[in-house]
Amino acid sequence: MIVAILLLIPFLAATFMVVATPTRQARVVALASTLMTLVFTGWLCFAYQGDPVIAVDSDWVPAWGLRLVMGYDGIGLLMILLTALVFPFIIGAGFGERLQHPSLVNALLLYTQAFLLGVFTAQNALLFYIFYELALLPVFFLLLYWGGERRRGITVRFFMYTLLGGLSLLFGILYCMVQEGGFNGDFSALAALDLPLDTQIWLFWVLFLAFAIKLPIFPFHGWQPDTYSMAPVQGTMVLAAVMLKMGLYGILRLVFPIVPEGAAYWQNTVIILSLIGAIYGGVIAFRQWDLKRLIAYSSLSHVGLLCAGLFAWNGYAVTGSLYQAFAHAIMVVGLLYLTGALRERVGSTEMGAMGGLKARTPRLAALFLLVMVNAIALPFTQGFIGEWLMFAGIWQLNGWMAFGAVTTIVLGAIYMLYAYQRVMLGEDKWQLEMDDATLRDHLVLVPLIAVTFILGVYPAPILNLINGPVQQLITAIPMLP
Amino acid sequence: MEQEVITAIRLVPLEHYVILSLLLFSIGIAGVVFRRNTIIILMCLELMFNSVNLLLTAFSAYHSDPRAQVFVFFIMLVAAAEVTVGLAILVMMKRNVDSVDVNQLNRLKW
Amino acid sequence: MVTADLLFSLVPALPLVGAVLIASARRYLSGTVAGMLATALMVGAFVLTAVAFSTFDPSTGGHTVRVFDWIQITGMDIPFAFRYDALALTMMLLVTGVGSLIHLYSIGYMHNDARASTFFAQLNLFSFAMLLLVMGSNLLITFIGWEGVGLCSYLLIGFWYNVPDYNYAARKAFVMNRIGDVGMVLAMVLLFQQFGTLEYSVILEQADGFSANAPILIAATLMLFVGATGKSAQIPLFTWLPDAMAGPTPVSALIHAATMVTAGIYLVVRCSGLFELVPLTQDVILVIGTATALLAASIGLFQNDIKKVLAYSTVSQLGYMFAALGMGAYSAAMFHVIMHAFFKALLFLGAGSVIHALGGEQDIRKMGGLKGSIKITYVTFLIGTCAIAGLPLLSGFFSKDLILAFAYQRSPVVYAVLVFGALLTTFYMFRLLFLVFFGSYRGKAHPHESPLSMTVPLMVLAALSVVGGVINLPHLFGGHEALKHFLATASSGISNETLHLSVTTEWILMGSTVLLVTSTIAYAYGRFARKAELDGEPETMPLFKRLLAERWRIDPLYAALFERPFGWMSTKLHTVGESRIMIPLTNGVGGAALRIGRVVRRVQTGNASFHLLAMVVGIIAFLFITLLST
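Chains as they are written, first to last, in numbering that gives the first Met the number 0: chain A, 0 to 480; chain G, 0 to 109; chain W, 0 to 629.
Simulated from the structure, these hints should not be mistaken for laboratory data.
Note that CB positions come from ideal geometry on N, CA and C, so glycine has one too.
Careful, some of the hints might be misleading.
To be verified - Heads up, incomplete: computed chain G residues facing chain W, CB under 8 Å, no partners named: (1) Ser25; (2) Ile28; (3) Val31; (4) Val32; (5) Arg35; (6) Ile39; (7) Lys93; (8) Leu104; (9) Asn105.
Given these sequences and hints, build the entire structure.
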C-alpha cells in the first residue's frame, strides 16, 4: 500500500497534466507533486526500522506463477530517497528553461519518476525489467522533442543502444526464470539459484551488459557525451542523477545475487575497465570546451569509481559506492543547473563564450564554487565520505587498483578548476549585462549545497540506513578470489 | 431430382473435373500475375474462385457429402463481397489516375 | 565533556563562525568591519588556546577529545575528535597567535580593496582548516584540514581573479598539492588496513610491534612523505610556492610562510613514531630536505621580485626543517618551524609594507634608499633579516644552529651542504635588504609609512624574532630546552632524540658559522649597499648565473614533461579515442539497425503486380516445402 501511494503520487499528477494540460500552473503542480513524494519518502525513512519491508504481495499472472512483489530495504530506500530528493530540483530547474508545452514536459518527468520509484521498489526481476524499460520511454520523448541539435539521430542511437542492453537483460532474466523452474522471478528465488560456473561466466555479461551501458562504464559510454550535450538540461539531470543509479542498483540486485561466481570471475576485469574509464574520462574532461560535455566526461570518471567500488565487494567499498552515488546525484544536478543558469545569461554552454563572469555574477560564482567543491570531493562534503570509503575498500582488494582510483582526485581537481577558471575567472572580456544569481537560483542551489555539507559533516543518517543491508549482502554473497 | 443431377455429374470421370479446375486455376493465376489491366485481374480472381467451386461440387457429388457445397456458398458470398470492394477501388482508381493499369499503383511503399 | 576540553574544542569554531558570518554578510560589511570581526575572532581563538594551554598538564601526555561520531560503519570507526596534547597546543598557539597578527595587519593592507570582506572570510576559513589540521586526533581529521587549507590557499592565491596568471598559479598550487594528497590518501588507506584505525595514538602504539624497515611501514611513511612534499613545497613538488606569491601579501605571510607550508613537518612530527622505525624513509627525507634547501637557496640568489626571494627562502628553510626531520631531530624541526613563522611572517609583512608604501611595486631594482622614508618597516625588516641569517642571540640563530649541530653529528657532508645553504641564505637576504633600503631611491612613487594596524604586527613579530629563542634555549646558554621537553610528552620521536656533542665542539661550530655569516654579510654589503649592483635581464648574464636567475629552468621543464603531454593526451584521446573509436562504435549499434532496415525495405517496391507475383511465388514455394517435407 505504502509503495502504491509512492508510485501513484507522481503517476496521477502526470496523468492529470496530460489530460488537463495546464500551461501556467504546470510547473507548480509538478513541483507540488514531487514535494509530496519527498515528504512521503521522508516519512518512510523515519518509519524504517532496519528490516526489509514488503509492501505489496499479490498474484500477478497466476497461470505462470508470477507474483507482484514490491518493497524495499535500506539500499532501496536510499535510492528512493535520492529519486525523491532530486526530482523537485529537476522540476525547479524547469522554471528557467521555458520549454514549449510545459505540461507535457513535466508530465514526462513525473512519469519517469513514477517508473524509477517502481524500479527501486520492485522485488521481482520481471517487474524490475518492466519498470527499467518504462522509465526510459518518457526520457526518450523528452530527448526527441525537446533536445538540441541533431536530436533525432542521437536519440535513436541512444535508445537503440540501451535497448540492446535491455534485451540482453530480459533474455538473462527469462533464462534464470526458466532455470529456476517455478518461473516466479522473485529476487529471493533468483538468489537461491545455484547455477554452474561456466553458465555463470557467460550469464554475467548477459545480465551486466544492460547496466554497463546504463551507467555507463568504459567502453560502453559512447552514447553519453552526445546525449548529455544534446538533451535539454532536465533530461540530462534525469539521466545523470537518477537513471545512472538504476544501473548501480541493478548490479546490486540482479548481478551479484544471481551470478556470484561469475561476478567473482570477472571482478578484476570489471574493476580495471571501470578505473580505465575513470582516468580516461578525467583526462578527456580537461580539454572539453562545452560545459555539458565536460559534465558528461566527469560523470564517466565518477561512475567508473562507483562501479569499481561496487565490484570491490567489501563493506567499505560498497557503502562508499552507494554513498557516493547519492553525492553524485546531488552534485550533478547542481552542476547542470548551473549550466542552465549560465546559458540563460550567456546564451550558450560553451566555455569559450564565458570567462570573467565572476565580475558580473559574484554570487553565482560562489555557488558554482561550492558545488564544485563537492565534485572534487573535498573533505566535509558528501563526495569525500564516499570516495574515502571506496578508496579504503578498493585498497583491501589491490593496492595498484587503489592507486589508480586515487589518481582521479588529481584529475578531478585539474579539469574542474580549469573549467571554473574558464567560466568565472579572468578578465571580464564580453562585458555582457547580466543578472547575478536570482532568488530561484538560490532556492535550487542552496538546498543542494546544504545537503552536501550536512551529509559531509554528519553522514551518520545515510550510513546507518545502508550499513545493515550492505553487510547482509556481503555476508550472504561471499566473493571468492 | 437431386439424384439425377448427381448421376449426371458422375457420368464424367472425376479426373476430368480435376484437370479442368487445375487448368482454370492456372489460367487465373497467370492472369493475375501477368496481366496489367485491373479488371482482368479481378476476373481472373473470380476464375480461380470458380475453379475451386467446381472442384468442391465435383468431390461433393462423388462422395455424397453435402458439406462441401456449404463451402461453395460461402465462397460465392465472399467473392461477391470482394468484387464489390475491388470494383469500388477500380472506380476510384479510374477517377484518380485515369487508368486501370495496376502498375500505376506503385505508391504503396516507404 | 570537561570544561577545558570544551574550550579546546571551541577554538576552531570561532574562525569558522567568522568565515560563515562574514561570507554570508559580505555585501553589507565594509572591509574594515569584516577585518575587525575576523581579527577579534582570531584573538578570541588565541585566548581560548592560551587558556587551554595554561590548564594543560604536560605530564599526562595528552588525551583525545571526541566531539561526535563521524564515519561509523561496520569495521570502521572514525570519530570527529581532537588530540589535546603538547604538539597540538604548540601548533595552535602558533596558528592563532601569528594568525591574529596577520589578520590585524590585513585590515590596513586590504582597506582599499573592494572585496576585502571576502578576503577576511577566506582568511578565517583558512585558520579554521589549519586548526583542524593540527588538532585532529586521527589522520582523516588532519586530512580535512589538509585539504581545507589547500582550498583556501587556492582561493587566496587567485584572490585577484581577473589576472589569468594568478589563476594559473592558484590552480598550479592546488593541483600540485593534490598530487601530494594522492600519497597521503594511499598512506591513510594502508594504515587503516594495517591497524584498523586512523587514530594517531593507536597507530603509534601498535607500530612498536613492527620490526624496523618493515615493508608496510616503508610504504606508509614514504607515502606520507609524498603528501608532505606537496604541502610543504619540497622537491619535486616545490614549484607552486613561488608562484603562489600572486596572492595578497598577508596570505603569503600566513599561508605560504608561517602555517600551511609547515603542515608537512607537523605531520612527520606527529607520526614520528612511525618514521623512527624506518631509517630508509628518514634517509630519503634527509636527502630531499637538504637538496631542497640548497636548490631553493641557489635560486633565491638572483631573483628581483621581493616576494619571490622570500618565497624561495621559505622553500629553502622548509628544506632545513625536513633535513632535521630526516636526522631524527624532531624538536629542532619544530623549533625552527616556530622561529621561521616569526621571522618569515615578519619579512613577508615587511615586504607587504614596502609594496604598500610604493603603491604595488615589487621589483627590487626599482626600490632603494627606503630606510629613511619607512623607518619602522626598515628596522623590523632588518631584524627579520638578521634573524633568518642566524646572527647570534636572535631567534633563527638558536634553531638553525641546533639543526646544524645535528647535521654535524650525522655527517660532515650534510653539515657542509647545510652551512653552505645558510651562507647563500645570508647572501640573498642581505642583498634584498641592501637593495631595498640602502643606496638611493630608483623608483618614481612617493614612499609613505604604513598605518598603525600594519606596523604594530611588524613590531610584535620583530620582538618575537629577537627573543623567540628563549622558548628552547640550549644548555649552552643556560637554558634547558623547554620546548623540546614540552613536545617530548606528545611525540615519542622527540623523547628519543639525542645530541651528544661536546661543549667545545658546539662552541666551535657556532663560532665558525657566525664568522662565515658575518663575512658573507660584509661581502653583500660591498656589492649591494655601497654601489647597488643591479641585474639586467637574464639573457645578458653569464651562463651559470642566468641558469640561477631562470630558476634552473624547472618550470619550463615541468611544463614540457607533464603539462603539455597531459594536454596533448587529453586532446588526442578526445579527437582519436572518442571521436574516431568510441562514439562510432556505439553509434554503430544504433546505426546497424538503421542500415539493415535500409537494405530490407527495398523489397517493398510498392508495385502491386510485383506484390502479387511475390505472393503467388511465396504460396507455391510454401506448398512445395510442405509437400517435400511430408
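Against the structure, the hints come out as follows:
1. With a least beta-carbon distance of about 11 Å to chain W, the hint placing G:Ser25 at the interface is violated under the 8 Å criterion.
2. Interface restraint check: G:Ile28 against chain W, minimum CB-CB distance 6 Å, threshold 8 Å, status holds.
3. For the restraint placing G:Val31 at the interface with chain W, the shortest Cβ-Cβ distance is roughly 6 Å, inside the 8 Å limit, so the hint holds.
4. At a threshold of 8 Å, the smallest CB-CB gap from G:Val32 to chain W is about 5 Å, leaving the interface hint in force.
5. Hint on G:Arg35 holds. Least Cβ distance to chain W is approximately 7 Å, under the 8 Å limit.
6. Of the supplied interface hints, the one on G:Ile39 is violated, with its beta-carbon coming no nearer than about 12 Å to a beta-carbon of chain W, more than 8 Å.
7. Checking G:Lys93 against chain W by beta carbon gives a least distance of about 15 Å; that is not within 8 Å, so the hint is violated.
8. Interface restraint check for G:Leu104: the shortest CB-CB distance to chain W comes to about 4 Å, inside 8 Å, so the restraint holds.
9. Because the beta carbon of G:Asn105 sits about 5 Å from the nearest beta carbon in chain W, less than 8 Å, this interface hint is met.
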